[in-house]
Structures are given as C-alpha cells and as structure tokens.
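Asker: So the chains spell out like this:
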Amino acid sequence: ETGVTQSPTHLIKTRGQQVTLRCSSQSGHNTVSWYQQALGQGPQFIFQYYREEENGRGNFPPRFSGLQFPNYSSELNVNALELDDSALYLCASSFAPGGYGYTFGSGTRLTVV
Amino acid sequence: DQQVKQNSPSLSVQEGRISILNCDYTNSMFDYFLWYKKYPAEGPTFLISISSIKDKNEDGRFTVFLNKSAKHLSLHIVPSQPGDSAVYFCAATLTSGTYKYIFGTGTRLKVLA
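These protein sequence lines are chains A and B, in that order.
Quick note: the first sequence, position 51, residue 51 per my numbering, numbers continuous.
Quick note: the second sequence, position 66, residue 66 per my numbering, numbers continuous.
Hints are not guaranteed to be accurate.
Have a look at the derived ranges for each label pair, beta carbon to beta carbon [unchecked claim]:
(1) B:G60 x A:G28: 20 to 28 Å
(2) B:G60 x A:Q18: 29 to 37 Å
(3) A:T111 x B:Q14: 35 to 43 Å
(4) B:T45 x A:L39: 38 to 46 Å
(5) A:P62 x B:P79: 21 to 29 Å
(6) B:S28 x A:E52: 39 to 47 Å
(7) A:S27 x B:D59: 34 to 42 Å
(8) A:G3 x B:S10: 36 to 44 Å
(9) B:H76 x A:N79: 42 to 50 Å
(10) B:R108 x A:R51: 12 to 20 Å
Just so you know, the hints here were simulated from the structure itself, not pulled from any lab data.
Since the model is a prediction, treat every value here as computed from it, not as a measurement.
Glycine included, every Cβ here is placed at the ideal spot set by N, Cα and C.
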C-alpha cells in the first residue's frame, strides 16, 4: 500500500508566476484535501476534493484552484504568486470526507522570490 | 481568529517521564479532535483522536483527554521516549460537510535521554 506522494518536493518561483503542485492519494482513498503551512504556523485548509468535485473551501482567494482526476490524484494551482504564498503545501487523502484522520504527504516547499 | 490554540511552543521532558501537551479551542461546535505528530521533512502523522461524546481515549502510551466545558484537550505520553521528539499539532473539526481540520500552531516536544 503506497502512501500519499507529492511532487515536486521543493520549488522556487518568481512573484507573479503560476505554479502547479501534484498529489497522488493513498490507494483506496477518494478524498483529497490541501493545506498551506506557513513558517511557525499550523496547516491551514485550502480546499477539499471528493470524487472529482470541490467539497469545501477555506479562506483562500480564487487564484488558488484545484483539480481531482478519476484516479483520485489531485493538483493545486496557484496563479499570480505573491511572496506570502511561500509555505509548505500539504496534501492529505482519506477514505471519505473527514474519515478518521487524514494521511498526509511530505509536502511541497514553495518559495516565492 | 485562532480557533485552536496551543499556547506552549515548546516542551522538554526527561525520558521515561510524562509529557503533557495542551490545546484550547473556542468553537463549541467542534465535535471531533485529533493529534498529529510531525517530524522534520515529513508530513504530519495521525496519532490519536477523540469524539466529543467521550472525555478520554487511549492508545498505548498515548491518551487524549477532552474537557468540553473548558474547551480544552490534552495529550499525555507515558512514558516519553526520545523518538517522541517532534512537533505535535492538535486539530478540531465539525463532523458534517467538509470535515476541514482547524490546526493549532504546534508544540515542539523534546524528550531528553
């Protein structure tokens, strides 16, 4: 059974650029949630996808968007990058919305310069 | 508005002794609580959870206590081991809709050998 894998592990982008982060959910999981963890903070909920549909969104602007594919993998897209977007982006999968504890990937460290 | 607070950024405990990590929340509607452990360069790992219908849940060396009237939960680790050294996050959620988790800012536990 494979866990949650995220790619890339590290990324440096320039302000104003666009970025796509990828996540492969754990086998058998149909729900993917994305979180942003800024330095010294806890993870903050961005949005969740359940069976390819967005199933809830946190307080993030529309330039944060996502997709879930038929194999339940997912992408997080961020347009018009800002310096404050620098953070660790975590993907988590579960058997259903909420489940009994997400399985998190190791994250993508995004640095915006 | 920080709905979940972990007021101790760090904690040091001697090996074999008890570690107590605390967490406070403000939203009385939260009905499910979790603790996650995070090592450097890894994603958070689910540790233990508790439903609001309970006041205690045990799993081996880990026990979570919930005091709903005080809106407070704590994680007890007995006995503490050096491998427990990590950052611990508490999280809270509503078991309806998205199940988005609201995380605290984390407590860094150091278990001294």
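Asker: Does each hint fit the structure? Answer for all of them.
Answerer: Do the hints match the structure? See the list:
no.: 1; hint: B:G60 x A:G28: 20 to 28 Å; result: holds, 25 Å
no.: 2; hint: B:G60 x A:Q18: 29 to 37 Å; result: violated, 45 Å
no.: 3; hint: A:T111 x B:Q14: 35 to 43 Å; result: holds, 38 Å
no.: 4; hint: B:T45 x A:L39: 38 to 46 Å; result: violated, 20 Å
no.: 5; hint: A:P62 x B:P79: 21 to 29 Å; result: violated, 49 Å
no.: 6; hint: B:S28 x A:E52: 39 to 47 Å; result: violated, 34 Å
no.: 7; hint: A:S27 x B:D59: 34 to 42 Å; result: violated, 24 Å
no.: 8; hint: A:G3 x B:S10: 36 to 44 Å; result: violated, 28 Å
no.: 9; hint: B:H76 x A:N79: 42 to 50 Å; result: holds, 45 Å
no.: 10; hint: B:R108 x A:R51: 12 to 20 Å; result: violated, 37 Å
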